[in-house]
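Heads up: the sequence lines are chains B and D, in that order.
Here the first sequence stands for residues 2 to 270, where the numbers follow the working numbering.
Here the second sequence stands for residues 2 to 376, where the numbers follow the working numbering.
Calculated from the structure, these hints are not laboratory results.
Predicted model only: the values in this text are computed from it and were never measured.
It is possible that some hints are incorrect.
[Said to hold, decoys possible] Dumping the calculated DMTMM-like pairs for lysine to aspartate or glutamate here, alpha-carbon to alpha-carbon at most 25 Å:
(1) D/Lys35 to D/Glu204
(2) B/Lys60 to B/Glu71
(3) D/Lys192 to D/Glu136
(4) B/Lys265 to D/Glu102
(5) D/Lys175 to D/Asp210
(6) D/Lys192 to D/Asp290
(7) D/Lys109 to B/Glu213
(8) D/Lys35 to D/Glu183
(9) D/Lys123 to D/Glu179
(10) B/Lys60 to B/Glu213
(11) B/Lys265 to D/Glu136
(12) D/Lys109 to B/Glu171
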Amino acid sequence: MNAVRFGRYALNGAAGLSLGFILLPLIFVTWLAFFRQEIPSFPPEGYSLQWFTAAANNKPFIDGFVLSLEVAVVSTLIGLALGVPASLALVRHRIPLGPGVSTLLLLPLVMPGIVLGTATYVFQIEVEIATQIPVMGSLGGLIAAHTLVVIPWVVRLVTASLAGFDRSIEEAAQNLGAGPFTTFWRVTLPSIRPGLVAAALFGFVTSFGNLEMSLFLVGPGRTTLPIAILQYLEWKIDPTVAAASLIQIVLIGAAMIVTDRYVKLSRVV
Amino acid sequence: MSFASHPDDAIRLADVRKQFGDTAALAGVSLKAKPGSFVVLLGPSGCGKSTLLRVLAGLEQATSGTIELSGRDVSRLPPAQRGISMVFQSYALFPHLSVAENIVFGLKARGVPAADRAARLKDAAALVGLGHLLERRPSQLSGGQQQRVALARAIVAQAPICLMDEPLSNLDAKLRNEMRREIRALQQRLKLTMVYVTHDQAEAMSMADQVVLMRDGHVEQDASPAELYARPATRFAATFIGTPPMSLVRLTAGEGGAVLEGAPGHVLAPAQAAGQWLGVRPEEIVLSDAEGLPAGIAGAEFLGGETVLSCVIGTGTQVLQVRVPGLCALPVGTPVRLRLPQTLHLFDDATGRRIEDFPSNLASPFSSKDNATCR
Ligand SMILES: Nc1ncnc2c1ncn2[C@@H]1O[C@H](COP(=O)(O)OP(=O)(O)O)[C@@H](O)[C@H]1O
Ligand SMILES: [Mg+2]
Numbered sequence: 002m003n004a005v006r007f008g009r010y011a012l013n014g015a016a017g018l019s020l021g022f023i024l025l026p027l028i029f030v031t032w033l034a035f036f037r038q039e040i041p042s043f044p045p046e047g048y049s050l051q052w053f054t055a056a057a058n059n060k061p062f063i064d065g066f067v068l069s070l071e072v073a074v075v076s077t078l079i080g081l082a083l084g085v086p087a088s089l090a091l092v093r094h095r096i097p098l099g100p101g102v103s104t105l106l107l108l109p110l111v112m113p114g115i116v117l118g119t120a121t122y123v124f125q126i127e128v129e130i131a132t133q134i135p136v137m138g139s140l141g142g143l144i145a146a147h148t149l150v151v152i153p154w155v156v157r158l159v160t161a162s163l164a165g166f167d168r169s170i171e172e173a174a175q176n177l178g179a180g181p182f183t184t185f186w187r188v189t190l191p192s193i194r195p196g197l198v199a200a201a202l203f204g205f206v207t208s209f210g211n212l213e214m215s216l217f218l219v220g221p222g223r224t225t226l227p228i229a230i231l232q233y234l235e236w237k238i239d240p241t242v243a244a245a246s247l248i249q250i251v252l253i254g255a256a257m258i259v260t261d262r263y264v265k266l267s268r269v270v
Numbered sequence: 002m003s004f005a006s007h008p009d010d011a012i013r014l015a016d017v018r019k020q021f022g023d024t025a026a027l028a029g030v031s032l033k034a035k036p037g038s039f040v041v042l043l044g045p046s047g048c049g050k051s052t053l054l055r056v057l058a059g060l061e062q063a064t065s066g067t068i069e070l071s072g073r074d075v076s077r078l079p080p081a082q083r084g085i086s087m088v089f090q091s092y093a094l095f096p097h098l099s100v101a102e103n104i105v106f107g108l109k110a111r112g113v114p115a116a117d118r119a120a121r122l123k124d125a126a127a128l129v130g131l132g133h134l135l136e137r138r139p140s141q142l143s144g145g146q147q148q149r150v151a152l153a154r155a156i157v158a159q160a161p162i163c164l165m166d167e168p169l170s171n172l173d174a175k176l177r178n179e180m181r182r183e184i185r186a187l188q189q190r191l192k193l194t195m196v197y198v199t200h201d202q203a204e205a206m207s208m209a210d211q212v213v214l215m216r217d218g219h220v221e222q223d224a225s226p227a228e229l230y231a232r233p234a235t236r237f238a239a240t241f242i243g244t245p246p247m248s249l250v251r252l253t254a255g256e257g258g259a260v261l262e263g264a265p266g267h268v269l270a271p272a273q274a275a276g277q278w279l280g281v282r283p284e285e286i287v288l289s290d291a292e293g294l295p296a297g298i299a300g301a302e303f304l305g306g307e308t309v310l311s312c313v314i315g316t317g318t319q320v321l322q323v324r325v326p327g328l329c330a331l332p333v334g335t336p337v338r339l340r341l342p343q344t345l346h347l348f349d350d351a352t353g354r355r356i357e358d359f360p361s362n363l364a365s366p367f368s369s370k371d372n373a374t375c376r
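All chains should be modelled from the sequences, with the hints used to inform the complete structure.
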């Protein structure tokens, strides 16, 4: 009995430690964002909101935010458009080399960002040389690369949703007079909606926060928010960066909470 | 039975085959159904009932053969164009839609005007007693209620033919009996041609106008419940119908005709029947004090209204089951006498088929007085 109780305490303790380990940086960033002085030092000399104003008036940050948003939205949509059919094919049909294809589609998730960035960089240059189309440093090139890191989330979450899918509801729809398209749109997609929403959310966040790969691919005058922050940090270490980070954390946190109201993320991820 | 095309038949299948790789799920099925009749596909699990239903509905493409509905060849038509509604075993309700949306899904898909939809929804919901649950999601309903939604969704389509695949298998026994009667009443009221799948022979017998007994992908017997009970065409049919099913015992050659092993004095059939199988319905055997086939009690199973006795014949090993009314607590080993009925069934040992011209007068040497007792 005591051993069981001890085990439970130990487990709870370990969970608490991990949680603290994850939260600590967030807590420090949050705290730092409100410091009054420019050079972060402890204890703070006082508190102010000036760094939020500074972040909101920083043109590279604003431009970076808009670009990151654009890229993340478009690449998430493209990732869904490619990943959903791919998942359907993988789950429902015996396609040749199915497991291989599946692994390939999940690979960008585990590949180090630097490796992915280098590979994409070299590839885009080769394409540009071969076709004379300016790919490198273009918005299209950046979106294509980001789509690559969105797809694994879509494939992972949507295949999981499809695996437990009762296909007789699609047959029922067809029996009731729905064609293949109506069946897909009105029965299949709504049934895997939790997986789709989660995939969109995680795909979006992954793209939005991507730094390593983007570093290789941005062109002059086209900088994503993470890169803008990095560039700012090369010259200054004042809490403007902390303020900008806090704004992002709040936005993403809010998105998660709103999403979780509609689909329970803990059930699909 | 002839399988010539006839517009009077609501359904007509001719030599329908369905192959899944090496398995022949349907090995040449032919059958006909009259409009407004209740046809039950009966058979053990894996015999191809669901496959036949799915081929009919167009959810599965037959490997060969033709399917005609009211004289129209639909073999190549997609499910939506066959004029068939269907109730699935799992109900297959749309989890993301309310009960009302589930029911009108098909009407929407077919472009029925909204006003018409509302009226038909109201009718269908009332018919199955769902009026008060229309706004719920399927996950908020009990199994029986989900079953009713599936039923309403099928009948609202007003298709002349309705298919049901073991629709009651997920319900408890009491609800099952209730739904049996309701489905039968609904079918008669709406004059539907129903094809209903079950592996429960009691369900089949109680609901059907026509029972299609299947085995290993082919039709074993296609007949009315009364015919199936009274004249099973094969040994398989004989042992599939009845509670308990017909007992089968092997006849051997004896003095003066065919007898059962261990009871040499009792001739049951002409001599040429030796080696064939004798079938007797347990409810038609009568326990007797004085006369009849000598047997010993080997077991008794009390079912409430009746008792099923297993009786070993004479000094042999073959067993006949006997169904007697009420409680009959005879201890194992008690000697009894069994009076066999007029109607005995004889089946060929090699083919398993019924032997038709079986002189039944010879078969029942024990007929007249009824002095059955259960001590
Ligand atoms: N999609 C399928 N693929 C392969 N074999 C199948 C498929 N559907 C059914 N079968 C096989 O066909 C036979 C008949 O199945 P089914 O029609 O489901 O039987 P029942 O409904 O009478 O239990 C079984 O042997 C089953 O394994
Ligand atoms: Mg089945």
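Hint check:
At most 25 Å may separate the alpha-carbon atoms for a hinted pair to count; D/Lys35 and D/Glu204 meet this at roughly 20 Å. At roughly 16 Å between alpha-carbon atoms, B/Lys60 and B/Glu71 fall within 25 Å of each other, so this suggested pair holds. Between D/Lys192 and D/Glu136 the alpha-carbon distance is near 29 Å, which puts this suggested pair outside the 25 Å criterion. Of the pairs offered as hints, the one joining B/Lys265 and D/Glu102 holds, with about 24 Å between alpha carbons and a cut-off of 25 Å not exceeded.
For the proposed pair D/Lys175 and D/Asp210, the alpha carbon gap of about 23 Å is at most 25 Å, so the pair holds. Our distance criterion of 25 Å between C-alpha atoms is broken by D/Lys192 and D/Asp290, whose separation comes to about 52 Å. A threshold of 25 Å between alpha carbons decides the hint, and for D/Lys109 with B/Glu213 the separation of about 50 Å lies outside it, so the pair is violated. Restraint check for D/Lys35 and D/Glu183: the C-alpha separation of about 21 Å stays at or below 25 Å, so the hint holds.
The hinted pair formed by D/Lys123 and D/Glu179 meets the criterion: a straight-line CA distance of about 22 Å does not exceed 25 Å. The hinted pair formed by B/Lys60 and B/Glu213 meets the criterion: a straight-line CA distance of about 22 Å does not exceed 25 Å. Of the supplied pair hints, the one linking B/Lys265 and D/Glu136 holds, its CA atoms being roughly 22 Å apart against a limit of 25 Å. For the given pair, D/Lys109 sits about 16 Å from B/Glu171 by alpha-carbon distance, which is consistent with the 25 Å threshold.
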